[in-house]
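Novice: As a plain string of letters, each chain reads:
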Amino acid sequence: MKLPIYMDNHATTRMDPRVLDSMKPYFLEIFGNAASRNHSFGWEAEEAVEKSRKQIADLIGATAKEIIFTSGATESNNLAIKGTAQMYAERGNHIITQVTEHKAVLDTCKHLEKEGVRVTYLPVGKNGLIDLDQLQDAITDKTILISIMYANNEIGVVQPISEIGKIAKKKGVLVHTDAVQAVGKIPVNVISDGVDLLSLSGHKFYGPKGVGALYVRRRNPRVQLTSQMDGGGHERGMRSGTLNVPGIVGLGAAAEIARKEMAEESKRLEYLRDKLKDKILNNLDEVYINGTMEHHLPHSLNLSFAYVEGESLLMGINDIAVSSGSACTSATLEPSYVLKALGAGDDLAHSSIRFGLGRFNTEKEVDYVGDKVVDVVQKLRELSPLYELAKEGVDLSKMQWTAH
Amino acid sequence: MAYSDKVLDHYNHPRNVGSLDKNDASVGTGMVGAPECGDVMKLQVKVNPGTGIIEDAKFKTFGCGSAIASSSLATEWLKGKTVDQALEIKNTDIVNELSLPPVKIHCSVLAEDAIKAAIGDYKRKRGAEKPAEAVAAQ
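Listed in order, the protein sequences are those of chains A and B.
Note that the first sequence ends on residue 403 in numbering that gives the first Met the number 0; no numbers are left out.
Note that the second sequence ends on residue 137 in numbering that gives the first Met the number 0; no numbers are left out.
Just chain A, same shape as in the assembly (with noise of 0.2 Å):
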């Protein structure tokens, strides 16, 4: 077993050599402009990226003229909403998503209220799910686009996108979807969903970086959106700049090996994820688990170690490579947005793990990782003293603080 161990495949995933074999010989050898209409080199190029579109449309019940190529989850969020509140415009101007929802949709919509945009978010339960008659209660005549995660990449936890599909539908409004950690991991299909935009994103699912898609449904509504960028109108006028041809094949392959094996894979990763959690749980007390887990990633697992500061647990535990919500380990000194809106107070947000499993890790590394958080959480209680004073049977939350 080779240290540290990487368990934070929310963030990326190591690519699939399978994945970079596909894209090998469109960087040398296949090197033309899939817009080239006049050459072989062109329509060489011009075939990987069609035979990419229709893997991709393939893994989420989708026809491959609805897939429009971006640069990742990021562009396809901001092209999917900005595009329907300008497109859109004349019809409503107003747009329903949620707390917990990835910067990339919460700024995007924040940008689009300076506009005149009404956004409503909605909160989420201390399960980290939406409530449907909320969503209900939020639609207006005005109201043009339902923006919500299909899981959260903190928590992990999958939102009830085909109730929010069907809610949508029978108020006429759209529904669009970050997919980005549910996509290659968990079965997505955009009819049965009910979704008209979803996001998707190459290297969450052992694909490339800098590549990813958007879905546009081209009928039962056919989509439009603003285009977000001008130039050459490739993408059905959507989304123009030269196509990213390897990055695409390898998008393409990475969704293939997806779809055939993502029934044994994510069997094999939940078996994995409920090792880790068991081990954890059985040995340790007040350990509380983030989210659902009912409605659940299968290879996600987000935990609070009470009384442990995660800085610390992060520093005890750091040959494996895993997330905090912890203020210490962010850019912006707050602890995790996600964990607060669950109701979780900023304790639990510090000293919480995310551990993110992935199609490279074996069942060693699980057991080391399970033994190795054990270790570090007893040892970092022994020197706690909030442990202690909970062990004594005082309420911390009735303690004087002096803050500082």
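No wet-lab data here; the hints were simulated from the structure.
Please read all numbers here as calculations on a predicted model, not as lab measurements.
Be aware that a few hints might be false.
Distance condition first, Cα-Cα at most 30 Å in a straight line; then the derived DSBU-like pairs of lysine-lysine [claimed, not checked]:
1) Lys53(A) to Lys81(A)
2) Lys115(B) to Lys390(A)
3) Lys21(B) to Lys378(A)
4) Lys45(B) to Lys50(A)
Across the chosen pairs, the derived CB separations fall in these ranges [claimed, not checked]:
5) Ala10(A) to Pro100(B): 22 to 30 Å
6) Pro100(B) to Ala88(A): 44 to 52 Å
7) Pro100(B) to Gly209(A): 30 to 38 Å
Backbone N, C-alpha and C fix where the C-beta goes; we use that ideal spot for every residue, glycine too.
Mind docking chain B on chain A? Use the hints.
Specialist: Chain B only, in chain A's frame:
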């Protein structure tokens, strides 16, 4: 974040971890910080009432590696000092010894606060016990 070797050493081998009996008249206890801020330090000193020398010091800290190291170092420095010498320990001494980066200076401030709080608690206890002597000592 890169930690200095000394911070890592204190984190991996914290000195004087534990608790003293807070009801003992010769023990002073200081608890500073707040859980929401991500740092709580408990620092205790056991003073020889005859000599005024700190015979033992213990700590427990909830906080980042630098906070743990700052309080661990503080207990090392406290042992053998008189109560008044202890009050001369400045946070900048801790910053220099541990090579703390600017974002971690608050950890050293907290350690200095914890020392002052522990000594203050000891003095209060002594004052309550023997008010005359305490006044005379000042």
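Novice: All hints, please: hold or fail.
Specialist: Consistency of the hints with the structure:
| no. | hint | verdict |
| --- | --- | --- |
| 1 | Lys53(A) to Lys81(A) | holds (26 Å) |
| 2 | Lys115(B) to Lys390(A) | holds (26 Å) |
| 3 | Lys21(B) to Lys378(A) | holds (23 Å) |
| 4 | Lys45(B) to Lys50(A) | violated (76 Å) |
| 5 | Ala10(A) to Pro100(B): 22 to 30 Å | holds (24 Å) |
| 6 | Pro100(B) to Ala88(A): 44 to 52 Å | holds (49 Å) |
| 7 | Pro100(B) to Gly209(A): 30 to 38 Å | holds (33 Å) |
Hint 4 alone, counting from the list given before, is not met by this structure.
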